[in-house]
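Trainee: Listed here are the chains, written in short residue letters.
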Amino acid sequence: MTTLDVMTLFPEDMLAQLPLTFRFMTPIESSTFEENCTEYRFGRSLRHFSGQYISLGSYKPLSNIIYEDFLTQEP
Amino acid sequence: MILVLSYEDYEQGTDPVIDWLLYHQVPFLKITLRDLIKGRIRYQIDITNGDIRLNDISVRQQVRVIWNRRLMGEMGKILPDHSHELNTEVNHTVRRELTDLVTYLSYLFKDKIWLTTFDRLAVNKLEMLNEAQCSGLAVPMSRIINNRTDLQAFQRASASGLISKTISNATTVYVQDTYSYGMFTHALTPGEIDEFPPLFFPTLFQEKIRAQYEIRAFYIDGQLFPTAIVNSSPNKSTDRKLDSSRDTTHFIPCQLPPSVASAVRVFMERIGLNTGGIDLIRDTAGTYYFLEVNPVGQYLAESNRCNYHIEQHIAEWLIHKNQLP
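In order, the protein sequence lines correspond to chains R and C.
The first sequence maps to residues 119 to 193 in our numbering.
The second sequence maps to residues 1287 to 1611 in our numbering.
Calculated directly from the structure, the hints in this document are not laboratory data.
Keep in mind that this is a model prediction, so the values were computed, not measured.
All clues stand as given, with none of them false.
A few chain C residues that don't get close to chain R, going by computed Cβ distances all over 12 Å:
1. Ile1323
2. Lys1324
3. Gly1325
4. Arg1328
5. Gln1348
6. Val1380
7. Thr1385
8. Leu1394
9. Thr1403
10. Phe1404
11. Asn1416
12. Glu1493
13. Arg1496
14. Gln1609
Each pair of labels, with its calculated beta carbon distance range:
15. R:Glu147 with C:Arg1339: 47 to 53 Å
16. R:Met132 with C:Asp1533: 37 to 43 Å
17. C:Asn1377 with R:Glu147: 26 to 32 Å
18. R:Thr150 with C:Thr1435: 37 to 43 Å
19. R:Met132 with C:His1595: 43 to 49 Å
20. R:Glu130 with C:Arg1339: 55 to 61 Å
21. R:Glu130 with C:Gly1447: 22 to 28 Å
22. C:Asp1397 with R:Thr150: 43 to 49 Å
23. C:Ser1530 with R:Glu130: 28 to 34 Å
24. R:Glu147 with C:Thr1334: 54 to 60 Å
25. C:Asn1377 with R:Glu130: 27 to 33 Å
26. C:Pro1483 with R:Glu147: 27 to 33 Å
27. C:Asn1341 with R:Leu122: 48 to 54 Å
28. R:Glu147 with C:Ile1364: 24 to 30 Å
Idealized CB from N, CA, C, for every residue including glycine.
Can you build the whole structure from these sequences, using the hints too?
Mentor: Okay, here's the thing in structure tokens:
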């Protein structure tokens, strides 16, 4: 995801009537914003095809390793 | 029979579950908003007898479990788009008609087993903070403020600084030319605060938590699947969503401390949700803070990266409930 520094799309007179969150908008290059349902789409499930079921295997091998921080006892 | 209410396409949380329903060869019916309004299926709602017949299937008699997964989310994409000058008003009326129709259906089938009832599809972010607090979860100090003086005082009271975020979960992405402009959680600098006008539109501010990492925990009927989202970069974004595709962001299966897991379960029961994605943050002192809950949050990224197979768990939950005597 390619982003630029925060900025705003709106002029000051309009910002004066909007929540402050409108002053801090992060521009994301749409072609890299994969799940925004814009015209740039990287995934698609037009209809359900049973032939495709369970076609995606997990890429990471199973292990019993968990983040060790969580193994510590609570105080 | 299981009834699935969802998008027609491109709803990443629905299809993997349907894969498992097909695998187990259980009867199910998937209905989308397009099906209901584009005349693709023949149906009638018998208000007098309290039933809906879809292609001659009686929902009242045959459906036992309903998975309510973003049925209304497609509304914006399928409303009529006429060039008529009254298009806005027409769409408003059509939207109300459809909303009341679907709300009635949820009323009609309130005795069914639901995975997310209609009245819990959207929750109030502020109310959830209070509910989390009452459930024993820590929450960041949060205030809605409309003036610079109080904001500066809040800033002084927050040793680690402040963030701003939207109050609602409304769409906060604006597409213009080749860029999409999003309103994400933003860490405010003292200079920015000093430049705000004396009075402004009410905005949500929270103390900035010194995060060690964030956690997305998927919840279904008491079971928790927590994922630690650990960013090894020294230059982290305040909003982790902006870093999710970076190489330095790692999704790691983890366990919540028993007291936190227990508080999350109490919270979900208090607010009447039997599924959802819960965002937590663990600070450098080891305290877990509740941030938000999304009743129909996406889970597939964490499921794949942590080998949780959450989609399988959802399907098996639906099948199990459908088989109850």
